[in-house]
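Novice: Place chain X on chain V using the hints.
Number of protein chains: 2
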Amino acid sequence: MSRYWSDIVHRLVPYVPGEQPALAKPVKLNTNENPYPPSPRVVEAIRAELGDHGESLRRYPDPVSKRLRAAVAAHHGLNTDQVFVGNGSDEVLAHAFQALLKHDLPLLFPDITYSFYPTYARLYDVQYRTVPLDDAFAIRIEDYAQPNGGVIFPNPNAPTGHALPLAQIEKLVAANTESVVVIDEAYVDFGAESAIALIDRYPNLLVVHTTSKSRSLAGMRVGFAFGHADLIDALNRVKDSFNSYPLDRLAQAAATAAYEDADWLRTTSSRVMASREKLTAALVQLGFEVVPSAANFVFARHPQHDAVLISTKLREQEIFVRHFNAPRVNQHLRISIGTDAECDTLVAALKDIVK
Amino acid sequence: MSRYWSDIVHRLVPYVPGEQPALAKPVKLNTNENPYPPSPRVVEAIRAELGDHGESLRRYPDPVSKRLRAAVAAHHGLNTDQVFVGNGSDEVLAHAFQALLKHDLPLLFPDITYSFYPTYARLYDVQYRTVPLDDAFAIRIEDYAQPNGGVIFPNPNAPTGHALPLAQIEKLVAANTESVVVIDEAYVDFGAESAIALIDRYPNLLVVHTTSKSRSLAGMRVGFAFGHADLIDALNRVKDSFNSYPLDRLAQAAATAAYEDADWLRTTSSRVMASREKLTAALVQLGFEVVPSAANFVFARHPQHDAVLISTKLREQEIFVRHFNAPRVNQHLRISIGTDAECDTLVAALKDIVK
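Note that the protein sequences, when read in sequence, are chains V and X. Quick note on UniProt numbering: the first sequence kicks off at 1 and runs consecutively. Quick note on UniProt numbering: the second sequence kicks off at 1 and runs consecutively.
Since the hints were derived computationally from the structure, they do not count as laboratory data. Each residue gets a CB set at the ideal place from its N, CA and C atoms; glycine is no exception. No incorrect hints appear here.
DSS-like cross-link-like pairs, simulated, lysine-lysine; straight-line CA separation at most 27 Å:
| id | chain 1 | residue 1 | chain 2 | residue 2 |
| --- | --- | --- | --- | --- |
| 1 | V | K313 | V | K278 |
| 2 | V | K25 | X | K66 |
| 3 | V | K66 | X | K25 |
Each pair of labels, with its calculated beta carbon distance range:
| id | chain 1 | residue 1 | chain 2 | residue 2 | range |
| --- | --- | --- | --- | --- | --- |
| 4 | V | N330 | X | E55 | 32 to 42 Å |
| 5 | X | S115 | V | L23 | 39 to 49 Å |
| 6 | V | N325 | X | S270 | 47 to 57 Å |
| 7 | V | I353 | X | D81 | 35 to 45 Å |
| 8 | V | E316 | X | K66 | 19 to 29 Å |
| 9 | X | P303 | V | D200 | 54 to 64 Å |
| 10 | V | P292 | X | P21 | 51 to 61 Å |
| 11 | X | D52 | V | A348 | 25 to 35 Å |
| 12 | V | D230 | X | Q304 | 41 to 51 Å |
| 13 | X | N330 | V | D230 | 26 to 36 Å |
| 14 | V | R271 | X | D52 | 18 to 28 Å |
| 15 | X | E178 | V | A22 | 33 to 43 Å |
Extracted from the complex, chain V is given alone in its bound form (with noise of 0.2 Å):
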């Protein structure tokens, strides 16, 4: 506290990321990082540009991550002009929420939902208001059928995993002409499907991604968004008043070369998903209960057992996972889908725990 902060700062609540133990081996089953490595032509592109001396370090990176841009254009079958690249997908919704966000009538997201949107809505001061999911932890979309300055929320959901079918993504984004709906598809790869199919027929959509997640790039910081040209420009207009080289040498690279290998990203997603369902019939197998999912993680609870006691029995084995202090959710945890040996060690000191 002081007094020469300016008063936003005063009333800001700051995300807490999931925590990074220093330790040499952990089960880290706390920040949905992939088990997998990056496709090796990530490693290749990062020594291409590094060079044998980092002769290129010396010089300021593409400020548009022009060749970036085109890969993904290329992927999802977009125009350059349709993709914006930030320094991480959390970059990348801190600039739409201030671009294209605030208005006079409240955002609309889910009560339980990724607990960084209400700290970008009092960074940027939008007004917004949350819906509640239902008993199933399901986004009922005829509940965003309200007066909005915007609609925001991640399918699949986070913390719950759970996936809204494109059928009605599609009927929401139709319905709601006069403001934009942002979905953020950080988790798309794991077995949801992609609203990025419904761009070039709405212009009110914004698809948010990321190189975190399915593309085992979270050490490099890369997200995107996806959407009508005008709100790509909004998004560029925000960038360049406020960084205008987001993005390093390496990142540009590492992200380009990711998409250039879409069988990687097949392989090892596929390879998540088995895991997620050999995980799930673990728990359920114990005794718990576990929202369907379409992620990379899966959110559980144990009716006989307190969440937080789980965690912190995990934690003594050096077994992290993620529990939200919040209402309705605070007897779940969710825990990212690691290797299978991972799993099994999880699964082996829950048996323990729980018996």
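Specialist: Chain X alone, transformed into the frame defined by chain V:
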């Protein structure tokens, strides 16, 4: 333009970065990049973080850049809680505008200065007033003795290269107790005195640095703010409401290594300063008026030759310098210091143009 844009987007005037020409071997003296590569330790550190298969890239980076902040704090004799890290100093400056410079009274900065400042002010709706430089393009400290919500300028100033002595900076900071003074020291390592020495005595001083110039890491996007822990706290609160992980793993490794090699900084900066003095003498010889520079660029005009015309003729020979179409300086060119060979090429071309 779109009805979906937030109000603020319509009012933005985005910053335009210097051109990045897509040529094999341009003589690129337009964006103040270092002519020498980064320390060999930087390349080693990136390779070490990358490993054989990029195993670490699937994991989020350290959100608070602990190791990097420790290295930089040690280098400058500060505590780590006096160090803030961002995705290039442009991002750091943006956060400072939002967190510390937005108040009821207007922010003050020079009429001729870094052209991103008015852009940030529009992005965050910060009222500002410009204060004219004197006729020799010097900042007069006494002109800032007026009610204000903050003061910001680069030292050395951009694009003039003119530096204020530390005693003048201290006079301003000591007198201006009611608001924050930001000294943007992007170019300080090329011959000016850093205000970091004053931080322990003045809780209203924030000093901003970058690895883009003297540390040859423009391509990696790493910048800093140094100041009282309360000021750093404000920046962290904004950062954690915007993007928890602003620096990727390779950028953190690169910048840490750069700060651990102080010899490389000294050697390369000395070479740049020697080239600057040689280039200045050659320009004066050709009839240019050159502002005395403590930066890695010079600001020059020729009384008999139009600046745009000179710049255009240089461009035809793939030599790039920067022209600002702004009052008082539209007959000047800002010329980054290249290698001696690049400076010689420039001088030979100018000799032809002005003869």
